[in-house]
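Those sequence lines, one after another, are chains A and B.
Here the numbering used here is used: the first residue of the first sequence is 1, the next is one more, and so on.
Here the numbering used here is used: the first residue of the second sequence is 1, the next is one more, and so on.
Read the hints as simulated data drawn from the structure, not as lab findings.
Just so we're clear, the structure is a prediction, and the values are computed from it rather than from any experiment.
A portion of the hints provided could be inaccurate.
In this list, chains with the same sequence are indistinguishable; a pair is considered to hold if it fits within one copy or across any two.
Using 20 Å as the maximum straight-line C-alpha spacing, the simulated SDA-like pairs for lysine to any residue come out as follows [claimed, not checked]:
id: 1; residue 1: K45; residue 2: Q95
id: 2; residue 1: K146; residue 2: G222
id: 3; residue 1: K278; residue 2: C21
id: 4; residue 1: K66; residue 2: D324
id: 5; residue 1: K201; residue 2: A230
id: 6; residue 1: K227; residue 2: G200
id: 7; residue 1: K286; residue 2: P24
id: 8; residue 1: K7; residue 2: D236
id: 9; residue 1: K2; residue 2: I213
id: 10; residue 1: K179; residue 2: D312
id: 11; residue 1: K2; residue 2: E198
id: 12; residue 1: K278; residue 2: L33
id: 13; residue 1: K286; residue 2: M239
Number of protein chains: 2
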Amino acid sequence: MKKFLNKPEDFVDEMLEGIYCAHPEVTYTADDLRCYVTANPVPGKVGIVTGGGSGHLPTFLGFVGKNMLDGCGVGGVFQSPSADQLAEVTRYVDQGAGVLYVYGNYTGDIMNFDMASELVELDDIETATVTGNDDVASSVVGEEHKRRGVAGIFFLYKAAGAAAARMLPLAEVARITEKARSRTRTMGVALSACIVPEIGKPGFEIGEDEMEIGMGIHGEPGISRKKLAAADDVVDEMMERIFAETDYAKGDEVAILMNGLGGTPKEELYILYRRVAKLMDEMGVKIRHVWLGEFATSMEMAGFSISVLHLDNELEPLIAAKADTPFFSYFAK
Amino acid sequence: MKKFLNKPEDFVDEMLEGIYCAHPEVTYTADDLRCYVTANPVPGKVGIVTGGGSGHLPTFLGFVGKNMLDGCGVGGVFQSPSADQLAEVTRYVDQGAGVLYVYGNYTGDIMNFDMASELVELDDIETATVTGNDDVASSVVGEEHKRRGVAGIFFLYKAAGAAAARMLPLAEVARITEKARSRTRTMGVALSACIVPEIGKPGFEIGEDEMEIGMGIHGEPGISRKKLAAADDVVDEMMERIFAETDYAKGDEVAILMNGLGGTPKEELYILYRRVAKLMDEMGVKIRHVWLGEFATSMEMAGFSISVLHLDNELEPLIAAKADTPFFSYFAK
Numbered sequence: 001m002k003k004f005l006n007k008p009e010d011f012v013d014e015m016l017e018g019i020y021c022a023h024p025e026v027t028y029t030a031d032d033l034r035c036y037v038t039a040n041p042v043p044g045k046v047g048i049v050t051g052g053g054s055g056h057l058p059t060f061l062g063f064v065g066k067n068m069l070d071g072c073g074v075g076g077v078f079q080s081p082s083a084d085q086l087a088e089v090t091r092y093v094d095q096g097a098g099v100l101y102v103y104g105n106y107t108g109d110i111m112n113f114d115m116a117s118e119l120v121e122l123d124d125i126e127t128a129t130v131t132g133n134d135d136v137a138s139s140v141v142g143e144e145h146k147r148r149g150v151a152g153i154f155f156l157y158k159a160a161g162a163a164a165a166r167m168l169p170l171a172e173v174a175r176i177t178e179k180a181r182s183r184t185r186t187m188g189v190a191l192s193a194c195i196v197p198e199i200g201k202p203g204f205e206i207g208e209d210e211m212e213i214g215m216g217i218h219g220e221p222g223i224s225r226k227k228l229a230a231a232d233d234v235v236d237e238m239m240e241r242i243f244a245e246t247d248y249a250k251g252d253e254v255a256i257l258m259n260g261l262g263g264t265p266k267e268e269l270y271i272l273y274r275r276v277a278k279l280m281d282e283m284g285v286k287i288r289h290v291w292l293g294e295f296a297t298s299m300e301m302a303g304f305s306i307s308v309l310h311l312d313n314e315l316e317p318l319i320a321a322k323a324d325t326p327f328f329s330y331f332a333k
Numbered sequence: 001m002k003k004f005l006n007k008p009e010d011f012v013d014e015m016l017e018g019i020y021c022a023h024p025e026v027t028y029t030a031d032d033l034r035c036y037v038t039a040n041p042v043p044g045k046v047g048i049v050t051g052g053g054s055g056h057l058p059t060f061l062g063f064v065g066k067n068m069l070d071g072c073g074v075g076g077v078f079q080s081p082s083a084d085q086l087a088e089v090t091r092y093v094d095q096g097a098g099v100l101y102v103y104g105n106y107t108g109d110i111m112n113f114d115m116a117s118e119l120v121e122l123d124d125i126e127t128a129t130v131t132g133n134d135d136v137a138s139s140v141v142g143e144e145h146k147r148r149g150v151a152g153i154f155f156l157y158k159a160a161g162a163a164a165a166r167m168l169p170l171a172e173v174a175r176i177t178e179k180a181r182s183r184t185r186t187m188g189v190a191l192s193a194c195i196v197p198e199i200g201k202p203g204f205e206i207g208e209d210e211m212e213i214g215m216g217i218h219g220e221p222g223i224s225r226k227k228l229a230a231a232d233d234v235v236d237e238m239m240e241r242i243f244a245e246t247d248y249a250k251g252d253e254v255a256i257l258m259n260g261l262g263g264t265p266k267e268e269l270y271i272l273y274r275r276v277a278k279l280m281d282e283m284g285v286k287i288r289h290v291w292l293g294e295f296a297t298s299m300e301m302a303g304f305s306i307s308v309l310h311l312d313n314e315l316e317p318l319i320a321a322k323a324d325t326p327f328f329s330y331f332a333k
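With these hints in hand, go ahead and build the complete structure from the sequences.
What follows is the structure, given as structure tokens:
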């Protein structure tokens, strides 16, 4: 295992210590490093809370910041945070207007967020929930409720954060986030596995010339394993599945997230994006916004995903709204 | 070779096509994709031009933007751009106040920038030059002129960009940038090699349990190859070399750049940064600014570097000044 770490069992907490050293805009509550919250809660605003396993930076905690999320329960690598941790984050984040939970559609996370919701109900804190399920590869049309949440949750965060920043009430923030969820689709492809520090070996085997289309960000099996193809052909196959689920009219607008899974250089992401732009152009669809880089990773896994949000007049300004988190404010000091 | 690309020989130009698709804030001049320039030059401002080989994104071109660089000559992977390309970029960028060249200390780049400078002299464009040589591992004290430029050039860009944005004259922008150069030190360590697309195999071999301290970002040999140690010990060894070259007084301030070389996850960078912060604290030195992420990569190489800029009252506000480039403005839309 070729990683920079001290003891594998300290991986997550030492990572968090480093993050708190680097970024005074965030802190933790309940004396627990894993109860990650903004240092500057906004009175009267609906709180937005997420949570999930570690190993996906900047997902999840990297989106806590101004006009984005207010708190995040941090689990072990690929493990859910506990219900108690999520409840503590919720109590800190609540500013009297209730809290929206936005997280990925995984069994452990659902169980713990639901329990947290019950725990804070005793404190008279109202919650609502939207679970991201953008991963097209993880089940067929008609069974979207079985789909995993992956990188496309970024658009849900962006919509929820901007809606809450407008001081809208909880039900309205939830409605808007739910709309962003219903219009987001992601396809991913992996070239290599990552290594969970406490396990010490790759999560799966894959041949030197193979790719797996539709693989999940924890190494969940995808749709097909085949020979690595030319970049344009890989994009064509992925976009075909996304296009198959969306009705675009000429002139429609989308936002695109080109997400590196960790080990794939930006050079390649731009080569891949070039093809995405060409396909959208051929469809007569306008790419109104694009983000390209690492947003939801699987540590050092090589691969990438394409997320598409089908914009409408309500979502576009929310997605475009200014936001600022310690993980994304390099120059805006 | 497990990369997303079409033909290896199209790697750089297709990457550039993707970049121009994604980012309307940048464009190219002289009908040459590799003559990369801002779409919004500022009249009367000193132009800042860099250049170098591809394969290091976001270095070099990712720093072209508001309050940073104005243009960049883009070479093939690990190859210098040509003198003609650099001259074309210079002609576009010049707004009557002259142009400062800021680039890394490599033979090919020096030759081509010097030739470009002579070419544009015929157009009555004044130039000055500062070459980054922050890589402590690449030669001993007293022979700093032999040192390579690596990630620490970020601080030179930041200082030069902010000084030029204040509309200072060329000589003054050069003096400030030269000061940032003289106060910047970097140490790097690599765990794996990267693959140049047109070569198709790793640039060097390194054992499954080995690291190379001081390796250059093109795979140039470092100071020592040894067994991968605990993260804290790796940082201690690197910082010792940086501390040995700098006189810190209690209360002095620094800016830190924790740079991933491509294949190393942010989780690990934060674990490493945690130790850097502890060492600085023990020295009584204040970390005034920290940037952590991928700034100067070697495509998929695993490893990282630590750059330290010893701040003073003149440099601090320039380093802290707001800047915005397409590669670093994810949320500031």
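Taking the hints in turn, this is what the structure says about them:
1. K45 with Q95: within (6 Å within a copy, 47 Å between copies)
2. K146 with G222: Within one copy only: 14 Å inside, 50 Å across.
3. K278 with C21: Only across copies: K278 and C21 sit 9 Å apart there, 43 Å inside one copy, limit 20 Å.
4. K66 with D324: Cα proximity of K66 and D324: in one copy and across copies (5 Å, 18 Å).
5. K201 with A230: Between copies, since 18 Å is at most 20 Å while 29 Å is not.
6. K227 with G200: between (27 Å within a copy, 17 Å between copies)
7. K286 with P24: between (38 Å within a copy, 14 Å between copies)
8. K7 with D236: between (43 Å within a copy, 16 Å between copies)
9. K2 with I213: Between copies only: 14 Å across chains, 26 Å inside a chain, cut-off 20 Å.
10. K179 with D312: Cα proximity of K179 and D312: one copy only (10 Å, versus 50 Å across).
11. K2 with E198: within (13 Å within a copy, 26 Å between copies)
12. K278 with L33: The answer is between: 18 Å across copies meets 20 Å, while 45 Å in one copy does not.
13. K286 with M239: Intra 15 Å, inter 49 Å, cutoff 20 Å: intra-copy only.
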